[in-house]
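Undergrad: If you want the building blocks of each chain, they are given just below.
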Amino acid sequence: MKKIILTSALFFGLLSMNNGQTVSLTCENTPSGQISSTTNNRNFDIANCWGFGGVTYIESLLRIDGRYSTQSGANSSMTPTSFWIKSPWLKPGSGNITLKAKLSSTSATARYLTLAYIPYDAQAVSATKEGTRTDFYTHTFTINTNTTTITAAIPSAIANSNQAYKIIALMYGSGGTARIITDTWSIPGTYWADPSNSCLPQALIQDADSDGVADADDAYPNDATRAYNNWYPAAGYGTLMYEDLWPATGDYDFNDLVVDYRYNLVTNASNKVVEMKGSFVTRAIGASYRNGFALQFDNLASSKITAVSGAKYHGATWLNNGSNGTENEQTYANVIVFDDATKVLPSPGGSGSNTLPSNPRVAPDTTSLTISFTTSGNDAIVLNDVSFNPYIIINQERGKEVHLPNKAPSSKVNNALFGTMQDATNIAQGKTYKTANNLPWALNVTQSIPYPHTTNDLVSGFLKFADWAQSNGAQYADWYLDLPGYRDNTKLFQY
Amino acid sequence: MVVSLAAIGCKKSPNTEEELPISKAGKFGEIKTSPSFDWGTSKSFNLKVIGLSTTNEIRNTFKVTSLDKSATYHQSSRLMSESFTTTLTIPTYLDSLSFQFGSVTKNFSVKGTEIEVDYLINYPEEIL
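Keeping their order, the protein sequence lines are chains A and B.
Once you know that position 343 of the first sequence is 343 in the working numbering, the rest is easy, because the numbers rise by one and skip nothing.
Once you know that position 100 of the second sequence is 100 in the working numbering, the rest is easy, because the numbers rise by one and skip nothing.
You may find that some hints are simply not true.
What follows is a list of derived Cβ distance ranges for each label pair [claimed, not checked]:
| id | chain 1 | residue 1 | chain 2 | residue 2 | range |
| --- | --- | --- | --- | --- | --- |
| 1 | B | Gly29 | A | Ser347 | 48 to 54 Å |
| 2 | A | Pro348 | B | Glu30 | 41 to 47 Å |
| 3 | B | Ser103 | A | His314 | 52 to 58 Å |
| 4 | B | Phe108 | A | Ser351 | 48 to 54 Å |
| 5 | B | Gly29 | A | Thr39 | 38 to 44 Å |
| 6 | A | Ser279 | B | Ser103 | 31 to 37 Å |
| 7 | B | Ser70 | A | Thr147 | 22 to 28 Å |
| 8 | A | Ser288 | B | Phe108 | 20 to 26 Å |
| 9 | B | Lys69 | A | Tyr313 | 36 to 42 Å |
Hints were generated in silico from the structure; no laboratory data involved.
Just so it is clear, CB atoms sit at the ideal spot from N, CA and C, and this is done for glycine as well.
Please build the complete structure, drawing on both the sequences and the hints.
TA: Next comes the structure, spelled out in structure tokens:
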């Protein structure tokens, strides 16, 4: 059933800072993280939907209460709209509006402060939706610098009307240079503005599943256990590219296994991760090794995962999963996405798939993986708890893994392989899967890209790659984009 | 030729402070990089959002997107008064993003690993 919920009533209708009964302006509130100042405090009140026309905050000896007060410009014009202070939208109660006021000097012929109310008009053309102003009280200042408390009853026409209004004070006069200083405003009523919605009145929001996330923002408007999709990459797929001769270096065509990926971390209205929906597209196998592909979630306990579905297994003898679908005997959560790439992307003949232009193409295979996470109490996880560490398992040898550079291996890695042949891994230093010259065995590109033909060096196909790497990322950070001069497509497999 | 010259990096001579040019690698195996280079095409940074105290508690969706709003890098349900920090991962070549909280929207620069934003904006003075 569709439900319409008043935002403030759902969350804190009776718990406003002013007990829902008084709307105040004291000029003393400072934004978090900023120092108290005339500018910062005025900005705070503006952000909370107070309006000021020709009015600043002062910290001088002329102030009335606390450290700051408002001050108009020199009110020597009888035009009432030159200098004004306007409240946020509020629902007026009954009783008196009070504020303290004084003149900055005796240089004045006359000075006035008029109070008025402005109704909310949904049909108004202006973005503020303000209707026609009605003046209801005018205070005439005695020309001295004494502080006076201005008191004016809420007009009966609007008191307790349950409608949204603004109260505005118009400051004007004639002669001289005296300014009008005010402070300590108190308006009986309930604050009714929404600072997150252009300071319009708090609106009724459509929230069909009552999870607190408006339907307009809720990717699952009828499912209270889900709210947001968090895609990675944010747009389209990324490409993972591996060399599988580790710990020896290979031909650097980075097509021994090519997997495109995109995953969605679905969160609920409490910003807890409910599930991961991953799409892994096996595009190419460069040679004959029967590599597996897996994910490790660094620093995440396996117990945080409640279920895994969609993985593709073909009887690998080294598979050893628990009841929740994660691999047993691991320090962190590991999920085997598929155990044998040659089974998900069979070769059309010879060795490999989709790396030799002369061979028949094989349609890429998609593995759609769903990982469910616990959402109970303190065991629930947030987005930042999910650290994506994809790797290959070389040729059915479970202890032989290839990770992205500087990514941690799983608990099942054969540590004896580190530091052999061209590998210069030093786990204590956080250096993994790099040669002595810091060259990697895997790359992660946050956009789907073509990959080199077999035995074509990556550098020959992506013409800005070497510049990028040799500048340590300072130049051509976009080396993988399809821009003029960036690629030699004769070296790249477009599939 | 100009492109090649522009692509040449430098290394210091062990005997002098003179910087010597490094030839552009013709093959992957010839590439020379710093040990700290992580080969990543994405970068992560901590975004600290400074909450704004409000008279009534206001909840809305906090969203971080590309400047043209075509890509969303973060979404969460937040109180406007809530200060929080979240880690975002974006393509390395991006240097500006936008955040939205209801109608409050601001662009911010992504330089460094610690970025701070708030909900205060410069409101143009109303003319009655």
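Undergrad: When the structure is checked against the list of hints, which entries are broken? Sort them ascending.
TA: Structure breaks hints 1, 2, 5, 7 and 8.
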